[in-house]
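> Sequence:
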Amino acid sequence: CNNKRLRELPSGVGSWTKLQEANFSMTDIASLPVDAKCWTDLRQIYLNKLPKLTSLPSAAVGVWSSLKVLHVNECALEALPESVEHLRNLTMVALNGNKLRSLPKGIGMWEKVEKMFLNDCKELKTLPGDIGGMHALEKLYINNSGLTSLPKALGSLSSLLELYVTNNNITELPNSLAQCKSLGKLYVNQNSSLKRIPEGLADLKSLEILHASDCKLSGSVFPSFVKLQNLKFFHIKNNNVDSLPKDVLRLSQLRVFDVDGNPLSEDSKRVAEQVSKGLVKAWTFDRKKVE
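Start counting the sequence shown at 1; every next residue gets the next number (the numbering used here).
The hints are simulated quantities; they were obtained by calculation from the structure and are not laboratory data. Glycine is no exception: its CB is placed at the ideal position from the N, C-alpha and C atoms. Incorrect hints may have been included.
Below, simulated BS3-like cross-link-like pairs (lysine-lysine); rule was C-alpha separation at most 25 Å, straight line [to be verified]: (1) K227 <-> K139; (2) K125 <-> K49; (3) K122 <-> K216; (4) K68 <-> K37; (5) K99 <-> K4; (6) K49 <-> K122; (7) K205 <-> K232; (8) K49 <-> K4; (9) K115 <-> K68.
The following label-pair restraints were derived from C-beta to C-beta distances [what the hints assert, rightly or not]: (10) L19 <-> P198: 42 to 48 Å; (11) R255 <-> D28: 46 to 52 Å; (12) P128 <-> D28: 29 to 35 Å; (13) S206 <-> K125: 25 to 31 Å; (14) P174 <-> D28: 41 to 47 Å; (15) K205 <-> D41: 42 to 48 Å; (16) K216 <-> K122: 19 to 25 Å; (17) S265 <-> A76: 47 to 53 Å; (18) Q253 <-> S193: 26 to 32 Å; (19) D41 <-> S276: 53 to 59 Å.
Generate coordinates for the entire structure from the input sequences, incorporating the hints supplied.
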């Protein structure tokens, strides 16, 4: 819509019974009318950059059972209505930049959602354990938010490919994360109180990227890297890691190995140097292959 002079929807919206896509982004709307419950065929709704929007009408949301895409970004949402449990055909949810303090248990009914975005939600401290019901979830983005922990139920996300929780206040990752056998990308960097990565993640043959720079990791990140044969990018810059197992030298797919800013032991420094030499050779080989 993109009309900042639009402050409310016309009175006849109840007659829009065939409406399938609605976009009221960048207007001056502060709320949706109750008659939005008549949009029973709605497939996509975009409510972005509405600084006065603090809530969604529960009665309407409860009948949007055909909805596949929900975008409510950079608004002032304080909570989602419990009726979101009826949105069982959703495939994408984007709620970036809101004032959400929590998510309702009903998100566990979002069994078809593949991507969910909760970036820049500074007041969001935790996620409900019911998130484990989102079995189709492949990509979860919660960067620059207020998370202090992640639920054990994340381990039930069997389809999870990518998890982004950069720049939060997370102090610990659940051991159950190792049950996400398809996990390929894990970004936990800039969680300044995060002290360890669950050892079970070293068994994830699917893991390609681990980004854990600027945390508080100590000791050795993993006791062994032998099963991480698909690991390509390993970032643990600016931590307190002092030990690297020698089997990291066996990672044939490795392309980036960033361990700068750590108090490595002399033995581990030598291991890091050997890894770096191998990376140069790998990149040289790749370039020749392309040429």
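> Against this structure, judge whether each hint is valid.
Now the hints, each set against the structure:
no., hint, verdict
1, K227 <-> K139, "holds (23 Å)"
2, K125 <-> K49, "holds (23 Å)"
3, K122 <-> K216, "holds (21 Å)"
4, K68 <-> K37, "holds (16 Å)"
5, K99 <-> K4, "holds (22 Å)"
6, K49 <-> K122, "holds (17 Å)"
7, K205 <-> K232, "holds (12 Å)"
8, K49 <-> K4, "holds (10 Å)"
9, K115 <-> K68, "holds (11 Å)"
10, L19 <-> P198: 42 to 48 Å, "holds (46 Å)"
11, R255 <-> D28: 46 to 52 Å, "holds (48 Å)"
12, P128 <-> D28: 29 to 35 Å, "holds (32 Å)"
13, S206 <-> K125: 25 to 31 Å, "holds (29 Å)"
14, P174 <-> D28: 41 to 47 Å, "holds (42 Å)"
15, K205 <-> D41: 42 to 48 Å, "holds (44 Å)"
16, K216 <-> K122: 19 to 25 Å, "holds (21 Å)"
17, S265 <-> A76: 47 to 53 Å, "holds (50 Å)"
18, Q253 <-> S193: 26 to 32 Å, "holds (31 Å)"
19, D41 <-> S276: 53 to 59 Å, "holds (58 Å)"
Against the hints set out earlier in the document, no violation occurs for any number.
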